[in-house]
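Colleague: Listed below, chain by chain, are the residues.
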Amino acid sequence: MKRVMGAALCALLAGGIAHANAETKLTIATVNNGDMIRMQKLTDDFTSKNPDISLEWVTLEENTLRQRVTTDIATKGGQYDVMTIGTYEVPIWAEKGWLAPLDNLGSDYDVDDLMPAIRSAVSNDGNLYAAPFYGESSMMMYRTDLFEEAGIEINGRLTWDQTLEIAKKLHKPDEGVYGICLRGKAGWGENMALISTMGNAYGARWFDEEWKPTFDGDAWKDALEMYTNILGNYGPPGATSNGFNENLSLFNSGKCGMWIDATVAASFVTNPKESKVADKVGFTEAPCAVTCTGANWLWAWNLGIPMGSQKVEAAQKFISWATSKAYLELVASKEGWANVPPGTRMSLYENPKYLEAAPFADETLLAIDSADPINSTLEPKPYVGVQFAAIPEFQGIGTTVGQQFSAALAGQMSVEQALSAAQSSTDRTMRKAGYY
Amino acid sequence: MEKKQTPLGYVSFSVFAWIVGLLIFFPIFWMVLTSFKSELEAVSIPPSFISFDWTLENYAEVQERSNYFKFAMNSVILAVGSTLVGLVFAVTCAWAMAFNPTKRTKDALLWMLSTKMMPPVGVLVPIYLMFRDWGLLDTRFGLIMVLFLMNLPIMVWMLYTYFKEIPTDILEAARMDGATLPKEIIFVLLPMAVPGIASTMLLNVILAWNEAFWTLNLTTSDAAPLTAFIASYSSPEGLFWAKLSAASTLAVAPILVIGWFSQKQLVRGLTFGAVK
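Protein sequence lines, in the order shown, are assigned to chains A and B. Using this note's numbering, the first residue of the first sequence is number 1, and each one after it goes up by one. Using this note's numbering, the first residue of the second sequence is number 1001, and each one after it goes up by one.
Since the hints were derived computationally from the structure, they do not count as laboratory data. We treat Cβ as the ideally placed atom computed from N, Cα and C, and that holds for glycine. Treat the hints with care, since some could be wrong.
[As the list claims (entries may be wrong)] For each label pair, taking beta carbons as the anchor points, the in silico distance ranges come out as:
#, chain 1, residue 1, chain 2, residue 2, range
1, B, Val1015, A, Asp174, 45 to 55 Å
2, A, Ser420, B, Val1011, 36 to 46 Å
3, A, Ala74, B, Val1076, 54 to 64 Å
4, A, Gln310, B, Phe1069, 25 to 35 Å
5, B, Asp1222, A, Lys325, 47 to 57 Å
6, B, Met1130, A, Pro382, 51 to 61 Å
7, B, Gly1021, A, Ser241, 43 to 53 Å
8, B, Gln1063, A, Gln67, 22 to 32 Å
9, B, Phe1069, A, Ser241, 30 to 40 Å
10, A, Gly151, B, Gly1122, 58 to 68 Å
11, B, Gln1063, A, Glu335, 12 to 22 Å
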């Protein structure tokens, strides 16, 4: 009896070992958006080419994902083999040695085809630490029918002063149309993404070369005065609650004359299934002020491998598949060229089929190409990032400043008070962190 | 003397109760309604109430994208498991505190409750490190332990309140009849405290079912319950309300049904003492 049991146990163990050898399970943490969900649906293509690798998806909301993956990578928890991370995290985590360098993506990966701005945002010391899955900048989306009706023509890149004049003309709240929709919800990735680009356009920067905050300068005052004026007077009511999705709903319902936000919104507002104004949308670059440098942001969702992962080789295979040119063609063959993840590869913007399917492609390319995370302010700065500063303290700083600016928009404090509060809170945090 | 209620007073009270009831129920009703709308209709302003194109596409999409039953099964195991483990400790603890109090019993009870006042995120990293080192990340066992410990103070407090109302004389009589301690608890105390225990269990199941901090932070896929299932349908970029509503409806449906059928027991347990 003992022999039989022993044999059965050996067989079980052998089976288990054989199974373990046959399959490497990759756990992938990802954010819930259309492009990522599409990738999950196309998993079979990857697993059929790599039968020894299986994929386990963990989809989370952006803030939850950020908290989860940060906890896991900081404690070397090893729960994930591939993580979806933003351009804010990549330089910080790479610097800390938390990410494995992507040095084995395969000979046909064509790393030189990645857009230079995006590639620079996910590299550290010349090494790629994450591969961009989709990229975006910011631009203006506007209602062509309302512009025509009001006799407005766009000649060249608009300034914020011109944008204000247009908003005044389009603003007809009695008819349910507001001049402009902008992000008002407090948060470093919400209102501060937009306000930072406005600050850049007015010649401001988050920190001077000695890491001291600069909210006491005239540039920030001009930017914030314009923001509170244009959105407070010619925007929708309750704008302090509006982030990307709220403005998307308003624009798609035909309630915004203009909307300045992520280029990725272009595919949503031109989709007749989602938008009532799909055939009445025009695109142009985000407005400038004293400069156009840094007037539009740069962001990408990227796939990276935590240093603690035991499955780096398999993870690199997956990342190579998900961010390759072949993947773009796979999506196009299954879902059409308009649904291909945008903003990462130059070859996509040379593809006539994509240019035909995506009427916003030229403006998206223009916006991404003109965003430079290193040179994004009029005066020199010590940090990397257009709409953020890639330092660990920034999440807290950006959210606190965002709350103060949101309060200024709501009329709870003046622009001067908000800037003064932002200056002192940021100064305190930077001092505590030992920057000076 | 009991004051007799006038018909007007009765009607006013009923109307008021209905208004409060409907206000509380409205978000759930709206969530269910939204789950049958298209994404565009879900965000349209003004919102459409009944006159929209009813669709099941959100439920189909949710089914296609996620393995609902895996998440639901994990929720059941975590909620029931943590409740049963918690009950073993809570009954014995509440028995000791109710029938053999010391001068420190009140302090101990308050201290237990005070642990609920600490924000969970304050101990996230130490607990995460312990889970990592003990191999408990993404395991049902680990989560059952966390959920049971998290809800233990409430269970002890509730049971202590019920046990306090049971006359000590009955237990003493059982002891005089020769009942040992386990027999005294199992055959004398527990039958008398059934309504209290049932409501404690129900409340604990609901609390464990809805717990979203630890279940999101300590799981990835194998032990992920319905909270993780819901969290996967919120999106930073793109319309998601209809799909999120469908996922939420599916997630709350089991607990809603259990709550519906056991509401009498729950209310009785929460409002009446153990012995009348």
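Colleague: Hints first: check each against the structure and report whether it holds.
Modeller: Going down the list of hints, with the structure as the test:
1. At roughly 37 Å, the beta-carbon separation of Val1015/B and Asp174/A lies outside the given 45 to 55 Å, and the hint is violated.
2. For Ser420/A paired with Val1011/B, a C-beta distance near 57 Å fails the hint of 36 to 46 Å.
3. At about 32 Å, the CB distance of Ala74/A to Val1076/B disagrees with the hint of 54 to 64 Å.
4. Between Gln310/A and Phe1069/B the CB atoms are about 30 Å apart, so this pair conforms to the stated range of 25 to 35 Å.
5. Our hint of 47 to 57 Å for Asp1222/B and Lys325/A is violated, since their Cβ atoms are close to 35 Å apart.
6. In this structure the hint that Met1130/B and Pro382/A lie 51 to 61 Å apart at CB is violated, the actual value being about 39 Å.
7. Our hint of 43 to 53 Å for Gly1021/B and Ser241/A is violated, since their Cβ atoms are close to 28 Å apart.
8. Taking 22 to 32 Å as the suggested C-beta distance range, the pair Gln1063/B and Gln67/A conforms, at roughly 28 Å.
9. Here the CB-CB span from Phe1069/B to Ser241/A is close to 36 Å, well matched to the stated 30 to 40 Å.
10. The beta-carbon spacing between Gly151/A and Gly1122/B, approximately 59 Å, falls within the hinted interval of 58 to 68 Å.
11. Checked against the hint of 12 to 22 Å, the C-beta distance between Gln1063/B and Glu335/A comes to roughly 20 Å, which is consistent with it.
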